[in-house]
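Protein chains in written order, with the numbering used here: chain Z, 1 to 762; chain D, 1 to 158.
Heads up, some of the hints might be wrong.
[As the list claims (entries may be wrong)] Here are the in silico distance ranges between beta carbons for each label pair: (1) Z/G418 - D/S14: 27 to 35 Å; (2) D/L31 - Z/P696: 25 to 33 Å; (3) D/P2 - Z/A293: 54 to 62 Å; (4) D/D129 - Z/K299: 48 to 56 Å; (5) Z/R614 - D/D20: 31 to 39 Å.
[Said to hold, decoys possible] Listing some non-contacts, in silico: residues in chain D with all C-beta distances to chain Z over 10 Å: (6) T17; (7) C45; (8) D84; (9) I127; (10) S145; (11) D153.
[As the list claims (entries may be wrong)] Where chain D lies over chain Z, by a calculated footprint (3+ residues, C-beta under 8 Å): (12) 222-233; (13) 296-308; (14) 378-389; (15) 561-572; (16) 670-678.
Derived by calculation from the structure, the hints in this document are not laboratory data.
Here the structure is a predicted model, which means the values were calculated and not measured.
Ideal Cβ placement from N, Cα and C applies to all residues, glycine included.
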Amino acid sequence: MTEPGRRRFLAYLVAAPTLAVAVPYAWDLADPQAAEAAPTPPQPEEILDLGDVQNLAAAPTSGLITVRVHTDGTASFAVPRAEVGQGMTTAVAMMIAEELDLPLDRVRVTLADARPELLMNQLTGGSNSMRSMYRPVRLAAATARRRLVETAARRWGTAADRLTTDAGVVRAPDGRTATYGALATAAATATTAPAATGDLTPRDDFTVLGTPRDRIDARDIVTGRKVYGADLRVPGALPTMVRRPPTINGTVAAVHNAAAVQAMPGITDVAVITHGVAVRGATFGQCIDALRALDVDWKPGPVAGQSDDTVAAALAKALPSLGPAPLLAKTVEAEFTFAFASNSPLEPEVAVADVRPGAAEIWASLKVPIVAQEDIAKSLGLPQSAVTVHVTEGGGSFGRHLFHDVAAEAAEISQKIGKPVKLSWSRTDNFRQGRAHPMCVSRVRAAYRGGDVVQYRQQHASTKTDFSHGLGEMITANLARLPVAGNATFAEIIFQLTQSSPYSFGDTRQVLTEIPLEFHTGSMRNIYSPNVVCAEELLVDRLAAAMGKDPVAFRRAYLRDDRLRAALDKAADAGDWGRPLPDGVAQGVGLHAEYRGAAVALVEVDCRPETVNRPIEHGVTGPRVTRALVVVDVGFAINPRGLEAQMIGGMADGIALALTSSLHIKDGLPLEGSWDDYFYTRQWNTPPDMKVIVMPNTRDTPGGAGELGVAPAMAAVACAYARATGTMPTRFPINHGTLSFEPLPAEPSTPQSPTDGLDRTF
Amino acid sequence: MPTHTFTLNGKRVSVETEDDVRLLWVLRDLLGVTGPKYGCALGVCQACTSHINGKAFNPCCVPVGQIKATDEITTIEGLPATVDRDLHPMQEAWLDHDVAQCGYCQPGQIMAAVALVRRARAAGREITDADLDGLRNVCRCGTYSRIRAAIKDGATRM
Chain Z
1 MTEPGRRRFL
11 AYLVAAPTLA
21 VAVPYAWDLA
31 DPQAAEAAPT
41 PPQPEEILDL
51 GDVQNLAAAP
61 TSGLITVRVH
71 TDGTASFAVP
81 RAEVGQGMTT
91 AVAMMIAEEL
101 DLPLDRVRVT
111 LADARPELLM
121 NQLTGGSNSM
131 RSMYRPVRLA
141 AATARRRLVE
151 TAARRWGTAA
161 DRLTTDAGVV
171 RAPDGRTATY
181 GALATAAATA
191 TTAPAATGDL
201 TPRDDFTVLG
211 TPRDRIDARD
221 IVTGRKVYGA
231 DLRVPGALPT
241 MVRRPPTING
251 TVAAVHNAAA
261 VQAMPGITDV
271 AVITHGVAVR
281 GATFGQCIDA
291 LRALDVDWKP
301 GPVAGQSDDT
311 VAAALAKALP
321 SLGPAPLLAK
331 TVEAEFTFAF
341 ASNSPLEPEV
351 AVADVRPGAA
361 EIWASLKVPI
371 VAQEDIAKSL
381 GLPQSAVTVH
391 VTEGGGSFGR
401 HLFHDVAAEA
411 AEISQKIGKP
421 VKLSWSRTDN
431 FRQGRAHPMC
441 VSRVRAAYRG
451 GDVVQYRQQH
461 ASTKTDFSHG
471 LGEMITANLA
481 RLPVAGNATF
491 AEIIFQLTQS
501 SPYSFGDTRQ
511 VLTEIPLEFH
521 TGSMRNIYSP
531 NVVCAEELLV
541 DRLAAAMGKD
551 PVAFRRAYLR
561 DDRLRAALDK
571 AADAGDWGRP
581 LPDGVAQGVG
591 LHAEYRGAAV
601 ALVEVDCRPE
611 TVNRPIEHGV
621 TGPRVTRALV
631 VVDVGFAINP
641 RGLEAQMIGG
651 MADGIALALT
661 SSLHIKDGLP
671 LEGSWDDYFY
681 TRQWNTPPDM
691 KVIVMPNTRD
701 TPGGAGELGV
711 APAMAAVACA
721 YARATGTMPT
731 RFPINHGTLS
741 FEPLPAEPST
751 PQSPTDGLDR
761 TF
Chain D
1 MPTHTFTLNG
11 KRVSVETEDD
21 VRLLWVLRDL
31 LGVTGPKYGC
41 ALGVCQACTS
51 HINGKAFNPC
61 CVPVGQIKAT
71 DEITTIEGLP
81 ATVDRDLHPM
91 QEAWLDHDVA
101 QCGYCQPGQI
111 MAAVALVRRA
121 RAAGREITDA
131 DLDGLRNVCR
141 CGTYSRIRAA
151 IKDGATRM
């Protein structure tokens with residue numbers, strides 16, 4: 001197995017007390033899929049996708065990343081990425097274990113602080129982590145192994161090529177052995193110097209990579225020992241919360257009782273900040289009491305007059321026409337509306353800030369810590385080098401932690417009151433003032449003549465997605481290198497880089513139009529794809545029906561990508577496509593290729609009244625996905641067990657987006673305020689039968705996996721629902737039209753905690 | 001300020017704070033026991049699920065003034081000791097099924113799972129899919145199907 005490009009790498013021995021090997025965190029060459037022949041010309045996503053652009057952006061500015069070997073025989077690595085549940089640290093540890101020949105449990109992976117010299121290399125997004133780290137991390141580990149072997153060879157006066165390694169031990173033919181720990185000091189260097197690189201293990205010889213492994217942090221998680229941002233204990237950083245305005249990003253006009261609130265039990269400080277009034281105290285409970293007691297007059301935020309209906313009207317107005325259909329062609333056409341959705345993770349937004357005169361220290365789960373550092377330094381009036389930004393383990397992200405607004409707010413509060421703070425948003429803050437996936441409308445049309453589909457058009461109009469976290473900056477640097485013509489906005493470029501119809505539908509065009517409403521938006525897991533793919537797949541089912549074809553057979557005939565076709569065949573077979581089902585129950589299929597991966601979802605949805613109306617207290621039930629299957633091909637699956645986990649999560653997201661979870665906007669504020677309002681998938685909507693099939697590896701390198709499952713899952717659920725009910729839904733989630741909960745009051749912004757917990761024990 | 005005394009993970013603890021401060025904040029902010037997670041403080045997400053006298057409850061919904069000196073509170077940190085092992089069988093099942101993704105909800109999921117199995121056993125039966133459907137704990141990573149598999153497996157080891 002060749003490793004193209006590895007000769008470009010130069011490794012260094014870094015001056016340190018024990019062995020430290022660094023390599024430039026360089027990009028690996030984009031390896032464009034061979035664009036298939038006409039009639040459909042290759043679309044931008046196929047030539048160069050979002051992950052490739054990130055790799056390109058990385059090229060000229062790469063810093064070094066360092067693998068260290070310690071005297072206790074362990075290896076460590078501070079990865080310039082955020083771990084938010086995707087299993088990135090486990091996969092990186094596997095890379096090191098493989099190339100260093102060390103048991104996985106002796107590899108420690110921590111999260112690096114903000115490292116400005118890495119520039120856009122320190123961005124966790126676009127399902128890019130595995131793809132960009134795969135070669136450099138392995139090369140550093142392989143070089144470390146080589147150095148350990150050479151050190152042993154010197155010690156024993158023998159040739160290095162006569163020595164072997166085995167699970168952290170160097171062995172000589174005469175039986176002598178030395179552990180890595182025993183060699184770590186001798187292998188170190190006093191001056192940093194270039195080193196000959198070790199050879200990467202050929203794929204066929206892998207014993208760790210490509211094998212199913214458990215999460216390296218699993219034991220800490222199940223014992224409660226894993227430390228998230230909310231669990232940090234920074235001296236003096238007392239609990240802090242914020243009373244927030246009744247409209248998104250509103251501001252404070254006046255506070256009438258700050259002194260009285262500051263005198264409440266446990267409270268130490270009250271301070272007016274950009275978007276509210278902060279309170280700091282001994283416990284978060286006392287902060288909740290205090291923020292609720294504040295008497296505040298508010299100024300409205302930038303979308304104070306907006307509600308679902310006004311946004312829908314603005315989108316309808318902005319949505320371009322699909323243009324003319326080809327002469328003499330028949331068409332199928334549809335239009336779909338997707339409600340706002342929340343990317344809020346389970347861990348409420350949290351950040352610790354300790355701002356002193358001349359220096360600041362920040363702790364938060366940040367996917368773009370360098371931009372956070374730069375921006376916070378500017379706000380505090382400090383040089384960037386005076387602000388230390390630590391990346392904490394995150395209790396989920398789903399796109400939320402691309403933004404550092406919470407860390408910046410913590411810094412603002414700490415500076416204003418002159419004390420360290422541990423700022424937590426409340427659950428209600430997260431839903432109402434957090435980041436939303438924008439409401440959007442997709443209009444789609446396919447034209448066919450005889451047995452041929454000759455044209456596909458998709459106009460996608462969306463409320464503006466905020467990409468201000470730095471993706472834009474990265475793209476700007478490479479704008480000239482992108483095969484996208486004209487003056488496209490950043491959002492349009494992201495759209496073009498991620499969206500690509502997998503079908504050979506002739507003249508194909510998918511276009512994004514944004515409306516500039518200032519909602520607090522951001523990328524949510526899989527960005528545009530769940531909506532765009534859902535719309536396309538529903539139309540494909542209609543098209544297949546119009547042309548008298550079975551949905552799977554039709555897709556198979558028009559797919560341009562062999563990997564998708566193989567995955568579809570596998571899904572149809574393993575998922576018993578076409579098996580007899582009772583009335584009101586149906587199968588649906590959805591597929592998607594992105595981030596150099598391909599995934600097919602096949603689900604069965606039960607829409608019979610006895611299922612739809614099953615009672616669950618304070619929950620929406622509705623149709624139930626009873627069987628779910630995801631077949632996935634990410635090229636090379638580093639950790640098939642982790643990949644399965646990502647697909648299971650993608651299915652849960654897809655079910656939620658199709659059936660139950662959305663934000664209802666009323667007068668500039670989402671009505672949702674708790675997990676019993678925002679209906680993310682719960683156990684009662686979980687498929688009792690959930691299966692993931694990882695296809696045999698089709699490439700030497702990993703594709704992205706963290707987002708890949710969401711779009712096909714959503715599409716499959718929507719298609720199954722349409723077939724089960726005989727009615728194609730046009731608004732998502734399907735229950736959005738009915739408000740299934742009593743909204744929490746808009747003020748005070750955080751509700752009081754209940755007191756009846758002892759009545760609900762079980 | 002009143003003093004509150006109770007048993008926490010097998011040890012007597014005393015803490016001074018107002019009566020109405022919810023037990024979750026007493027545990028997390030005052031005693032530094034952070035296994036029970038703050039996910040909503042509304043009794044909805046169940047991320048703080050712990051045990052009081054062996055039954056599952058949400059500390060976010062119990063003012064510390066309601067806790068009696070004779071009450072025994074068990075958080076995820078104290079779960080293994082209840083069976084005198086390094087890990088409770090349910091925790092082992094969680095590891096064997098590699099359930100966790102971000103992991104934030106999992107201590108609460110495990111505590112709820114143990115109580116669910118105990119409740120079924122007390123009723124003279126094993127857990128059913130309907131029992132699992134009734135679990136309210138939110139997992140925003142969507143690990144639900146592995147949770148279901150782990151609970152069924154963990155139950156056989158309890």
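Hints versus structure:
no. : hint                        : in the structure
1   : Z/G418 - D/S14: 27 to 35 Å  : holds (32 Å)
2   : D/L31 - Z/P696: 25 to 33 Å  : violated (51 Å)
3   : D/P2 - Z/A293: 54 to 62 Å   : violated (21 Å)
4   : D/D129 - Z/K299: 48 to 56 Å : holds (51 Å)
5   : Z/R614 - D/D20: 31 to 39 Å  : holds (37 Å)
6   : T17                         : violated (7 Å)
7   : C45                         : violated (5 Å)
8   : D84                         : holds (16 Å)
9   : I127                        : holds (12 Å)
10  : S145                        : violated (4 Å)
11  : D153                        : holds (14 Å)
12  : 222-233                     : holds (count 10)
13  : 296-308                     : violated (count 0)
14  : 378-389                     : violated (count 0)
15  : 561-572                     : violated (count 0)
16  : 670-678                     : holds (count 3)
The structure fails hints 2, 3, 6, 7, 10, 13, 14, 15 (numbered hints given earlier, in ascending order).
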